[in-house]
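Go ahead and model the full structure; you've got the sequences and the hints to work with.
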Amino acid sequence: MAREISTGRKAVITTVAWAVALLIFFPILWTVLTSFKTEGEAVNSHPAFLFFDWTLENYHAVNERSDYLAHFWNSVVISLGSTLAGLIIAVPAAWAMAFVPGKHTKDLLMWMLSTKMLPAVGVLVPLYLLARDTGLLDTRTGLVIVLTMVNLPIIVWMLYTYFKEIPAEILEAARMDGATLSSEILYVLTPMAVPGIASTLLLNVILAWNESFWTLNLSAANAAPLTAFIASYSSPEGLFYAKLSAASTMAIAPILILGWFSQKQLVRGLTFGAVK
Amino acid sequence: MTMSLRTLLGATMLVAAAGSASAQTTITVATVNNGDMIRMQRLMPDFAAKHPDIKVNWVTLEENVLRQRVTTDIASKGGQYDVLTIGNYEVPIWAKQNWLLPLENLGADYDQADLLPQVAAALTVDGKLYAAPFYAESSMLMYRTDLLEKAGLKMPENPDWDFIAEAAEKMTDKAAGVYGICLRGKAGWGENMALITSMNNSMGGAWFDMEWKPEFNGPEWKQTLDTYLKLMNNYGPPGASSNGFNENLALFQTGKCGMWIDATVAASFISDPKESQVADKVGFAPAPIRAGGSNHGNWLWSWNLAIPASSAKQDAAKTFVAWATSPDYTKLVAEKEGIANVPPGTRTSLYENEAYLKAAPFAPMTLKAIQSTNTQKPSDKQVPYTGAQFVAIPEFQAIGTAVGQQFSAALAGRASAEQALAASQTLTSREMTRAGYPK
Chain A
143 MAREISTGRK
153 AVITTVAWAV
163 ALLIFFPILW
173 TVLTSFKTEG
183 EAVNSHPAFL
193 FFDWTLENYH
203 AVNERSDYLA
213 HFWNSVVISL
223 GSTLAGLIIA
233 VPAAWAMAFV
243 PGKHTKDLLM
253 WMLSTKMLPA
263 VGVLVPLYLL
273 ARDTGLLDTR
283 TGLVIVLTMV
293 NLPIIVWMLY
303 TYFKEIPAEI
313 LEAARMDGAT
323 LSSEILYVLT
333 PMAVPGIAST
343 LLLNVILAWN
353 ESFWTLNLSA
363 ANAAPLTAFI
373 ASYSSPEGLF
383 YAKLSAASTM
393 AIAPILILGW
403 FSQKQLVRGL
413 TFGAVK
Chain B
12 MTMSLRTLLG
22 ATMLVAAAGS
32 ASAQTTITVA
42 TVNNGDMIRM
52 QRLMPDFAAK
62 HPDIKVNWVT
72 LEENVLRQRV
82 TTDIASKGGQ
92 YDVLTIGNYE
102 VPIWAKQNWL
112 LPLENLGADY
122 DQADLLPQVA
132 AALTVDGKLY
142 AAPFYAESSM
152 LMYRTDLLEK
162 AGLKMPENPD
172 WDFIAEAAEK
182 MTDKAAGVYG
192 ICLRGKAGWG
202 ENMALITSMN
212 NSMGGAWFDM
222 EWKPEFNGPE
232 WKQTLDTYLK
242 LMNNYGPPGA
252 SSNGFNENLA
262 LFQTGKCGMW
272 IDATVAASFI
282 SDPKESQVAD
292 KVGFAPAPIR
302 AGGSNHGNWL
312 WSWNLAIPAS
322 SAKQDAAKTF
332 VAWATSPDYT
342 KLVAEKEGIA
352 NVPPGTRTSL
362 YENEAYLKAA
372 PFAPMTLKAI
382 QSTNTQKPSD
392 KQVPYTGAQF
402 VAIPEFQAIG
412 TAVGQQFSAA
422 LAGRASAEQA
432 LAASQTLTSR
442 EMTRAGYPK
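Protein sequences, first through last, are from chains A and B. Going by the working numbering, 272 is the number at position 130 of the first sequence; the sequence numbering is gapless. Going by the working numbering, 222 is the number at position 211 of the second sequence; the sequence numbering is gapless.
One thing to keep in mind: the hints can contain errors.
[Said to hold, decoys possible] Covered, in the sense of this in silico footprint (three residues per stretch, anywhere, with C-beta under 8 Å from a C-beta of chain B), are these stretches of chain A:
1. 233-244
2. 400-410
[As the list claims (entries may be wrong)] If you anchor each label on the Cβ, the simulated ranges turn out as follows:
3. B/GLU115 to A/VAL267: 27 to 33 Å
4. B/LEU368 to A/GLY264: 48 to 54 Å
5. B/ASP64 to A/PRO396: 35 to 41 Å
6. B/GLU115 to A/GLU199: 43 to 49 Å
7. B/GLY118 to A/GLU199: 52 to 58 Å
8. B/GLU115 to A/GLY264: 36 to 42 Å
9. B/ASN245 to A/LYS152: 48 to 54 Å
10. A/LEU165 to B/ASP64: 52 to 58 Å
11. B/LYS369 to A/TRP172: 52 to 58 Å
12. B/GLU168 to A/VAL265: 52 to 58 Å
13. A/ASP195 to B/THR37: 38 to 44 Å
14. A/GLY264 to B/LYS388: 37 to 43 Å
15. B/THR37 to A/THR197: 32 to 38 Å
16. B/PRO249 to A/THR149: 41 to 47 Å
Don't read these hints as lab results, they were simulated from the structure. We treat Cβ as the ideally placed atom computed from N, Cα and C, and that holds for glycine.
In structure tokens form, the structure reads like this:
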């Protein structure tokens, strides 16, 4: 039975929720605002919040100097490519772990997750050498492979938790009706798990989009995604905060828009199975 | 669903596999996002016109990311880059590892003898130049002429630390938001330690004695840190322990600082009326000395273009380096961007150019600062190392940053000067012993 919540309490909770949301969002908002200021205005020690001379000069300067579209396209290819490749491996893997668990399934899951516990820089040199010897340095293919491996544990774990919520009896029934393994996964399991798969996909696209360690270290000129685009505007000697903000805004805008339109899906997926 | 997935994946792979093929030689240049490098990228049409057979790809990265990135590449002979922008800290270390190509025969127009001897010396190993300086800087004192006058003081030819303290006290007006002195406080071997190491050199101190034993327990470091903390705690801006070059630049440009000791390149920023609110009220003086001393201890940093030995396109890379660092490049910048924007600090001829001296009033002081550096003998003491604001050994990045964190903590009030020095002595001894230095 639902507890009754008084209007006053509701107001407090709503206020707190808004305050927390604004607090978290504020740095992004500030970045966006700064991108419309002049460099002088950006470093003013009494910064104006909204009342300053709005200017587009930073966006002009950034577009003049760097090739946004090339970086953007690299980001799209790398984040989508690695997520899709990850899903192709992870769906069967999570199926096996959820519905046909063995004696060591839990250990296997833990072991997969443990690869995330090693600081990435610890394997930088070996991976760099592998990429060098296979000719994958500074290629999108190389980054797709590396990011697939980096995010695979998370994809498997997420799918595993979603699949666990699906009654095995339904799959059994399909098998009784003569479904083969592949049609069981493709036509019975996948449609039921679509919200889970969709949120996994979205979350991993976001993770891969924002991944900066490997994308910066394994790319140079050809495969550099938007993370490198941002990094090229940070300067130790010189005030380029407004241009840096403009570059950051351009880099996060696509993923922000994607997140905005898919937030319903994301929230539903992330809380899927949490309350039954 | 499956069909569309498959199509999308197929398309993805196809795009990923598509490489670029070209008949030209393509070289990749790694650089930092500093004003002079951005200007160089803008001037690329000139290079393209002179060398249509060479295509240049730029990789611009934040300084620390760049350092990590190119170190990985050069140490593993990845061959990703054909030209690197590196500092004079890396050049001698990497040259000794045979990671860099000696730059001989940069062409008849290069005029190596024109390079400032102090700058060239820091890039030379066994008589060979391993990197071509692009721009160089030292440190100096920048101050507000109006505030100094208001304080009833006159800047001496060679100010000492006692004068700095007196001037800082008189210039400080906290109610008006004016602080007598702004100095770096952010921890890092190239951040606060550049300043404090230089300051310690001027006090007669050194990082190591001839046996490679650290000297943080000596009187010079104590005096250095005490002076630094006294200045900053009494007359410095609030929150100074997170201030680096850019933060202090912003403070100075908006009229919050009376004095600022930092890189000579800052002079052009604070004198630029488009950026600086105090452009017409700035004066320049040499980095302070100790009372009765003569060593300004100021630093020497240069950004240089070097060619990794692992590059497969060394000839094209050499052509590019020669174009970007020769006297002709200076002429090109003067013509297209104005003479005040020429990369400073590398060539004697620039400081003999009347037009430049007229356009850049800070030029004589910059030259004087660079000429007073001595990377081969930074301290009054005998030392086993070279380098002015750093010790040119590979271990210094880690040690310098760790010591910088101790000093930054002392500035923030989380530790006393004694504690910071004791901790620095312990950690430096430990790291140096581990690296096998002390004899």
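* To do: List, from low to high, the hint numbers that the structure doesn't satisfy.
  => 1, 2, 7, 11
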